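Given next are the chains, with one letter for each unit.
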Amino acid sequence: MKVLLRNPSREVDMNGPISVVKLLNRLEMSRQEVLVIQNGTLVPGDAMLAEDAIVEVRPVISGG
Amino acid sequence: MKCKVCKGPALIDVRRHNANFCSDHFIRYCREQVSKTLKEFDMAEPGDRLLVAVSGGKDSFAVWDILESLGFDTNGLYVGLGIGEYSDTSGQYVRDFATGRNLPLTEIDLRSTYDYDVPTASAVTRRVPCSACGLSKRHVFDKECRKGNFDAIVTGHNLDDEAAVLYGNVLRWQTDYLGRQRPMLPALNGFPKKIKPLVRLSERETAAYCVLRGIDYLVEECPMAAGNKHLSYKAALNLIEEESPGSKQAFYFGFLRDAVDRFDLTTSDPNQDRSDVATEDSPILSPCIECGSPTNVETCSFCRLLRRASGAKPVPVELIRKKY
Ligand code: SF4
Ligand SMILES: [Zn+2]
Ligand SMILES: [Zn+2]
Numbered sequence: 054m055k056v057l058l059r060n061p062s063r064e065v066d067m068n069g070p071i072s073v074v075k076l077l078n079r080l081e082m083s084r085q086e087v088l089v090i091q092n093g094t095l096v097p098g099d100a101m102l103a104e105d106a107i108v109e110v111r112p113v114i115s116g117g
Numbered sequence: 163m164k165c166k167v168c169k170g171p172a173l174i175d176v177r178r179h180n181a182n183f184c185s186d187h188f189i190r191y192c193r194e195q196v197s198k199t200l201k202e203f204d205m206a207e208p209g210d211r212l213l214v215a216v217s218g219g220k221d222s223f224a225v226w227d228i229l230e231s232l233g234f235d236t237n238g239l240y241v242g243l244g245i246g247e248y249s250d251t252s253g254q255y256v257r258d259f260a261t262g263r264n265l266p267l268t269e270i271d272l273r274s275t276y277d278y279d280v281p282t283a284s285a286v287t288r289r290v291p292c293s294a295c296g297l298s299k300r301h302v303f304d305k306e307c308r309k310g311n312f313d314a315i316v317t318g319h320n321l322d323d324e325a326a327v328l329y330g331n332v333l334r335w336q337t338d339y340l341g342r343q344r345p346m347l348p349a350l351n352g353f354p355k356k357i358k359p360l361v362r363l364s365e366r367e368t369a370a371y372c373v374l375r376g377i378d379y380l381v382e383e384c385p386m387a388a389g390n391k392h393l394s395y396k397a398a399l400n401l402i403e404e405e406s407p408g409s410k411q412a413f414y415f416g417f418l419r420d421a422v423d424r425f426d427l428t429t430s431d432p433n434q435d436r437s438d439v440a441t442e443d444s445p446i447l448s449p450c451i452e453c454g455s456p457t458n459v460e461t462c463s464f465c466r467l468l469r470r471a472s473g474a475k476p477v478p479v480e481l482i483r484k485k486y
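Protein chains in written order, with my numbering: chain A, 54 to 117; chain B, 163 to 486.
Be a bit skeptical, because a hint or two may be false.
To be verified - Distance ranges between label pairs, derived from CB positions:
| # | chain 1 | residue 1 | chain 2 | residue 2 | range |
| --- | --- | --- | --- | --- | --- |
| 1 | A | D66 | B | P348 | 48 to 56 Å |
| 2 | B | K475 | A | D99 | 55 to 63 Å |
| 3 | A | R79 | B | L350 | 47 to 55 Å |
| 4 | B | R193 | A | P97 | 16 to 24 Å |
| 5 | A | K55 | B | V332 | 39 to 47 Å |
| 6 | B | P348 | A | A103 | 49 to 57 Å |
| 7 | A | A103 | B | G352 | 55 to 63 Å |
| 8 | A | P97 | B | A388 | 24 to 32 Å |
| 9 | B | M163 | A | E64 | 25 to 33 Å |
| 10 | A | K75 | B | R193 | 29 to 37 Å |
| 11 | B | G416 | A | K55 | 39 to 47 Å |
| 12 | A | D66 | B | P171 | 26 to 34 Å |
Unchecked claim - Heads up, incomplete: computed chain A residues facing chain B, CB under 8 Å, no partners named:
| # | residue |
| --- | --- |
| 13 | R59 |
| 14 | E86 |
| 15 | I90 |
| 16 | G93 |
| 17 | I114 |
| 18 | G116 |
To be verified - Which chain B residues stay away from chain A? Per the calculated CB distances, all over 10 Å, these:
| # | residue |
| --- | --- |
| 19 | Y191 |
| 20 | D204 |
| 21 | R211 |
| 22 | G246 |
| 23 | D258 |
| 24 | D271 |
| 25 | S274 |
| 26 | M346 |
| 27 | F417 |
| 28 | L418 |
| 29 | R419 |
| 30 | P456 |
None of these hints come from the bench; they were simulated from the model.
Since the structure is predicted, the reported quantities are computational estimates derived from the model, not experimental observations.
Beta carbons: idealized from backbone N, C-alpha and C, even for Gly.
Produce the complete structure using the sequences and hints provided.
Given below as structure tokens:
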């Protein structure tokens with residue numbers, strides 16, 4: 054599966070299927086500091102992501 | 163995960179309320195939180211005309227969208243800061259948002275209106291960029307609010323922002339700043355009313371609101387924000403929140419309930435909001451001799467910045483970034 058990361062924008066390949074919680078653990082990201090987005094909507098923490106999924110992991114913390 | 167309201171599949175969790183929501187009920191939750199905040203702090207009443215400061219980021223779009231949905235008469239205000247590519251892109255996001263929803267937008271570009279930009283002002287005045295930027299934005303917000311006769315200026319500060327600022331101020335006991343950390347500052351001495359309707363929503367919630375409403379916002383950050391103290395305070399609070407959900411809200415709202423009234427609303431610090439409001443030492447306010455804004459000195463801090471920065475040789479954003 055493809056995972057799009059932001060700030061800076063980059064793409065990484067991961068093995069699926071995998072749950073959102075596991076994906077974020079693997080990326081060492083806190084679930085409260087990001088949103089996982091697929092097809093323009095949110096993916097909840099307990100969802101499974103398929104091998105062919107394309108998801109964005111978007112940080113929500115701003116420094117302004 | 164099930165929606166707390168309809169028991170359908172949930173898309174988002176709000177841990178501090180121990181609740182999950184589907185898209186529709188999450189959007190409703192956000193609007194109710196804002197509606198409650200507006201009443202609780204006397205921020206606005208139906209029929210009020212609100213000037214919404216927008217940056218292209220999630221918070222200002224969320225607050226604009228929510229105020230519109232609650233039936234307020236809103237007008238966006240975008241300040242072109244001249245921070246390289248970031249400003250070009252953010253301006254485009256704001257224009258697209260306003261045009262797509264047919265909402266009125268006022269744009270003030272610092273370079274074309276005042277012949278300076280934030281990087282240049284930062285360099286010539288030797289202020290950190292965010293300080294030059296904040297002073298410029300406050301001046302433009304106040305001026306446009308008075309000019310358009312709006313009832314209040316709205317900014318998109320959320321719970322995480324306010325808790326982080328409070329944390330920093332308490333950590334260093336900056337008592338001079340604490341009194342102004344209210345989500346509503348009343349109109350006073352020629353300064354317009356200022357409101358922060360998102361203080362009951364976390365930044366994860368404002369981002370989720372934008373995604374679920376299909377709002378395309380600028381995810382990239384202002385390059386000047388990297389590595390600032392605000393971010394480290396947020397990181398520290400997020401660690402605490404992780405262990406004990408609700409800590410941030412208890413910290414900030416407990417302060418508003420039990421402590422803020424012990425601190426003075428006014429200050430003489432030029433880096434703060436309403437810096438020129440009368441203080442005990444210099445209680446007399448008169449119009450700035452250059453721009454007419456209320457001040458307790460002859461020339462207000464914005465006009466002093468303008469004197470040095472306006473017309474100065476432009477300094478590219480990359481040079482400033484290296485310095486700070
Ligand atoms: S991070 Fe600083 S310089 Fe950038 S927009 Fe915010 S206040 Fe201005
Ligand atoms: Zn629901
Ligand atoms: Zn002035």
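Taking the hints in turn, this is what the structure says about them:
Between D66 of chain A and P348 of chain B, the C-beta spacing of about 55 Å keeps the proposed range 48 to 56 Å intact. For K475 of chain B and D99 of chain A, the Cβ-Cβ distance of about 56 Å falls inside the hinted range of 55 to 63 Å, so the restraint holds. A hinted range of 47 to 55 Å holds for the C-beta pair R79 of chain A and L350 of chain B, which are about 52 Å apart. Between R193 of chain B and P97 of chain A, the C-beta spacing of about 21 Å keeps the proposed range 16 to 24 Å intact.
Against the hinted window of 39 to 47 Å, the Cβ-Cβ separation of K55 of chain A and V332 of chain B comes to about 43 Å, which satisfies the hint. Taking the beta carbon of each, P348 of chain B and A103 of chain A are about 54 Å apart, inside 49 to 57 Å as hinted. For A103 of chain A paired with G352 of chain B, a C-beta distance near 60 Å keeps the hint of 55 to 63 Å intact. The given range of 24 to 32 Å is respected by P97 of chain A and A388 of chain B, whose C-beta atoms sit roughly 31 Å from each other.
At about 27 Å, the CB distance of M163 of chain B to E64 of chain A agrees with the hint of 25 to 33 Å. For the pair K75 of chain A and R193 of chain B, the beta carbons lie near 33 Å from each other, so the given range of 29 to 37 Å is met. For G416 of chain B paired with K55 of chain A, a C-beta distance near 44 Å keeps the hint of 39 to 47 Å intact. For D66 of chain A and P171 of chain B, the hinted distance range of 26 to 34 Å is satisfied, since their beta carbons lie about 28 Å from each other.
Checking R59 of chain A against chain B by beta carbon gives a least distance of about 5 Å; that is within 8 Å, so the hint holds. A cut of 8 Å between beta carbons decides the hint on E86 of chain A: the least distance to chain B is about 6 Å, and the hint holds. Interface hint status for I90 of chain A: upheld, as the beta-carbon distance to the closest one in chain B is roughly 6 Å, under 8 Å. Of the supplied interface hints, the one on G93 of chain A holds, with its beta-carbon coming within about 7 Å of a beta-carbon of chain B, less than 8 Å.
A cut of 8 Å between beta carbons decides the hint on I114 of chain A: the least distance to chain B is about 6 Å, and the hint holds. At a threshold of 8 Å, the smallest CB-CB gap from G116 of chain A to chain B is about 3 Å, leaving the interface hint in force. At the 10 Å boundary, the C-beta of Y191 of chain B stays outside the reach of chain A, the nearest C-beta of that chain being 14 Å off. The Cβ of D204 of chain B sits about 26 Å from the closest Cβ of chain A, beyond the 10 Å cut-off, so the non-interface label holds.
A cut-off of 10 Å between C-beta atoms confirms that R211 of chain B is not in contact with chain A; the least separation is 26 Å. Remark: the non-interface label on G246 of chain B is consistent with the geometry, its nearest Cβ contact in chain A lying 15 Å away (cut-off 10 Å). For D258 of chain B, the condition that its CB be more than 10 Å from all CB atoms of chain A holds, with the nearest at approximately 16 Å. Every CB of chain A is more than 10 Å from the CB of D271 of chain B (nearest about 19 Å), matching its label as outside the interface.
Consistency note on S274 of chain B: stated as away from chain A, and its beta-carbon is indeed over 10 Å from all of that chain's, at 23 Å minimum. Every CB of chain A lies more than 10 Å from the CB of M346 of chain B, the least distance being 20 Å, so the non-interface label holds. Against the 10 Å criterion, F417 of chain B stays outside the reach of chain A, whose nearest CB is about 21 Å from its own CB. Listed as a non-interface residue, L418 of chain B keeps its Cβ farther than 10 Å from every Cβ of chain A; the least gap is roughly 22 Å.
For R419 of chain B, the non-interface assignment is confirmed: its Cβ lies about 25 Å from the closest Cβ of chain A, beyond the 10 Å cut-off. A cut-off of 10 Å between C-beta atoms confirms that P456 of chain B is not in contact with chain A; the least separation is 26 Å.
Violated hints are absent here; each numbered hint is respected by the structure.
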